[in-house]
Amino acid sequence: MILAQLDPRLNFFGKAPYSLELWGYVTAVVVLGIALIVAMTKLPTRARKPLIWTSTFLAGGFYVLYWLWPQPVGRGPLDLPRNSVEAMSFWMSDAQVKVADVANILTAFLLCLGIYSLLRVHTNRILRKHEDRFFSWVLIASMFGMLVLGYIDWRQRTFLDKDGKLLEMANWGFAQFGKDLLFDGLFQQMDAAMFSMIAFFILSAAYRAFRIRSVEATVLMISALILIISIMGAVVYGWNNMITSMLPVDSAPVLNNFKISEIANWVRSTLQTPAIRAVEFGVGLGALAMGLRLWLGLEKGGVTV
Amino acid sequence: MQWLDTGKIGIFVTLLMVAFILFNIARARKGKKELFIRRIPGLNAIDDAIGRATEMGRPIFMVPGIGTLNAISVQAVNIFAQVTKTASQFATPIRMCIADAAVYTVAQEVIRDVYQRQGMLERFDVDSVRFISDRQFAFAAGVSGLLHREKAAATFLLGEFYAESLIFAETANSIGAIQVAGSTQTSQTPFFVAACDYVLLGDEFYAASAYLTREPVLVGSLVGQDWCKIMITAAVFLGALFHGVERSQVAAFEWAPYAEANEAAFSALSDDAKEKVADVQVQVPSSAERQGIQALKKGNETMLYRIFNPNPSAEDLVIEREKKPPPPAAEGEEGGE
Chain A
1 MILAQLDPRL
11 NFFGKAPYSL
21 ELWGYVTAVV
31 VLGIALIVAM
41 TKLPTRARKP
51 LIWTSTFLAG
61 GFYVLYWLWP
71 QPVGRGPLDL
81 PRNSVEAMSF
91 WMSDAQVKVA
101 DVANILTAFL
111 LCLGIYSLLR
121 VHTNRILRKH
131 EDRFFSWVLI
141 ASMFGMLVLG
151 YIDWRQRTFL
161 DKDGKLLEMA
171 NWGFAQFGKD
181 LLFDGLFQQM
191 DAAMFSMIAF
201 FILSAAYRAF
211 RIRSVEATVL
221 MISALILIIS
231 IMGAVVYGWN
241 NMITSMLPVD
251 SAPVLNNFKI
261 SEIANWVRST
271 LQTPAIRAVE
281 FGVGLGALAM
291 GLRLWLGLEK
301 GGVTV
Chain B
1001 MQWLDTGKIG
1011 IFVTLLMVAF
1021 ILFNIARARK
1031 GKKELFIRRI
1041 PGLNAIDDAI
1051 GRATEMGRPI
1061 FMVPGIGTLN
1071 AISVQAVNIF
1081 AQVTKTASQF
1091 ATPIRMCIAD
1101 AAVYTVAQEV
1111 IRDVYQRQGM
1121 LERFDVDSVR
1131 FISDRQFAFA
1141 AGVSGLLHRE
1151 KAAATFLLGE
1161 FYAESLIFAE
1171 TANSIGAIQV
1181 AGSTQTSQTP
1191 FFVAACDYVL
1201 LGDEFYAASA
1211 YLTREPVLVG
1221 SLVGQDWCKI
1231 MITAAVFLGA
1241 LFHGVERSQV
1251 AAFEWAPYAE
1261 ANEAAFSALS
1271 DDAKEKVADV
1281 QVQVPSSAER
1291 QGIQALKKGN
1301 ETMLYRIFNP
1311 NPSAEDLVIE
1321 REKKPPPPAA
1331 EGEEGGE
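Read top to bottom, the protein sequences are chains A and B. Residue numbering for the first sequence follows the working numbering, starting at 1 and increasing by one per position. Residue numbering for the second sequence follows the working numbering, starting at 1001 and increasing by one per position.
No lab work stands behind these hints: they were computed from the structure. These numbers come from a predicted model, not from an experiment. C-beta: ideal position from N, C-alpha, C; glycine also. Don't take each hint at face value.
Claimed, not checked - For lysine-lysine, the following DSSO-like pairs were computed, each having C-alpha atoms within a straight-line distance of at most 27 Å:
#, chain 1, residue 1, chain 2, residue 2
1, A, K42, B, K1030
2, A, K15, B, K1324
3, B, K1324, A, K49
4, A, K49, A, K15
5, A, K259, B, K1030
As the list claims (entries may be wrong) - A few chain A residues that face chain B, going by a derived Cβ cut-off under 10 Å, partial list only:
#, residue
6, A35
7, A39
8, D79
Claimed, not checked - Some chain B residues flagged as far from chain A (calculated, every beta-carbon gap over 10 Å):
#, residue
9, I1037
10, R1052
11, S1133
12, A1138
13, T1186
14, T1189
15, V1245
16, D1271
17, E1301
18, K1323
19, P1325
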C-alpha cells in the first residue's frame, strides 16, 4: 500500500504502457504469484493457519479502521490535509483502492485454479473414454476457441485499429466474426434459453405451492392471488370502478380501501415489507457475527480449520 | 437542520452489537450454563438426507450459490463441511458445484481437511469439488446436467442464489432428491419454499453451524445475535411510538403561500372549467380562513425524522484546504507545436 502510493515514476505502475519493461515486470509478478501459490499449497495445515489468520486480521483491520475513521469531505485532487485526522483519512481512502486491487489480483490467480479444475475433470473424461466425452470435447474446444478469438479481436481493436474501422461490421475479419458467432450467436442465446426456462419452472413450483394442504398454504395462496389480480389491468379497472360506483357522494370514502389496488398495496406495505425487513435484519446480524468470528479467528472447523 | 451526527449513531449501534456478540461468546466459552437453541427442522433433516443418499448409493450435491467469497459463501462451505464430515463416515459420494474461483479454492481445501481430520483422506475425490462456470446460467445448466446424470439422492442448496435457484430446485425435485435449501436473498426464499422439502429462513442459515456443532463460540455468537435482535425490536417499537405521538401533535403550518398559488391557478381556468372543478373538488377554505388553520405534523416534520435524515447545507460540504503544486507536465506537452 505504502509503496503503491509513492511517486508514480518510482513504482511499478509508473512504467510506460505496453513497454517491454512493463511486460517484463508483469511476467515476473505472474511467475512470483504462481510460485507463492504453489509454496502455500505445500505448507502443512498447521503452518498455514497463523498465516491465514494474520492476513485475514490485517485486511479486516484495515477495512474496520477505514469504516470507523471519519471520511474526507469534499476532497479535491490537489487538496492537502488540514490536520492529522484528515491526513489519515486521505491516506486510507487512497490505500483502499490499492487494497481492493490486491483482492482483484488474487481473484485473477484463483480463476486459473478454477480453469485447471474444469480442464482436469474434462480431460480425464476424454482419456477414460466416458460415454459423454463428446460434451467434454465441446467444452474444451469452446473454451480455447473463445480464448484465442477473443484475444486476437482484443489485440486488433486495441493496437492495430487506430481509426476504429472495426466498429463497422463490413471491416470485420475472421476473429471478429468468430467471436461474434461464439459469444452473441451461441453463448448469449443459450443463456437466454436457460433464463426463459425459469417461467416453466415457476409454473410447476407454483402449482405445487398452491395445492392447499395447510393454513400457511391457504394464506400464501390468497395473498398471491390478490397480488396477481392487482397487476391485471382489466380486472383492476373493473373492480375499482365497481367500488367507486358504490361510494356515496357526500360521505367518508371508507369503501375506497376495498379497491383491489389498495388491498394489494396494504399486503405489500403492511405484511410483506416488514417481514422482509425482519429477515434482512437477521441476515445482516448473522453476517456481522460471521465476519467478526472470521476476523478474530474465533471459529474452529470449516473454513478456519 | 441536523440535530445529531447520525453517522456516529450507526457506528455506536454497530459497536454495541459487536460487544453483545463478543460478550456472549466469552460467556459461552466459560461454559457454566448450556445455552439453548430452538429446534430447526431444516437442519435436523440433514442427517436424514445423508442417510437416504447412503442407502441409495447415490451422491449428495452441495451448491453454495453463485456469490463471491464472502460471509455467505464461507458460511455455506462451513455447513457443507459438517455434511461432508457425516458423509465421509459412510463413504457416501459428494459433489460440490461452485461458480466462483475463490470459493472453489477455499471449498476444496476445507473438504480435503475434513477427510484428513476423519482419517479418510483416501476417500477424498479431488473432482468432488468442481468449478463449473462463473456465468450464472452456464453454471445453472452445468449443475442441472450433473444432477440429472448422476441422479443425486440429496441436494443442499445453501448460499447466495438468484434467478437460477428455481432451476436447481425443480431439477432436483424432478429426480426425486430430498432437498434442504436456504438463501439469504429474500427474493429467492419463496421459490425454495415452493419447491424444496426443507428451507432455512433468513438467519437460520447463519445459525446452522452453531446448531450442528454446538461449538461454544458459535452458540455464544448466536445468543449475542438474539440480544441484538431484542435491541433492534425495542428500537423499532419505541421509534414507532415516539413518531406516532409526534405525528398527533399540531404543527404550525403556513397556508398562505399554498393558498395563493392555488388561487392563482384556479383563476387562470376558464369559467366552464371552474364550474367543473368546483363540482368535484372538496370546498377549499378561503385565504382568510386558511390563515387560522393548523395541521398535524407531517412525517418529515418529526424529531426522529430529522435525526435520521440529515440535510447538510452547501457550506457544510465545501471545505477550504491548501493545494499541493500540480504535477509537472510530461515531456512534449509543453510547446504544443
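Determine which of the earlier numbered hints do not hold for this structure and return their numbers in increasing order. 1, 3, 4, 5, 6, 7, 11, 12, 13, 14, 18 and 19
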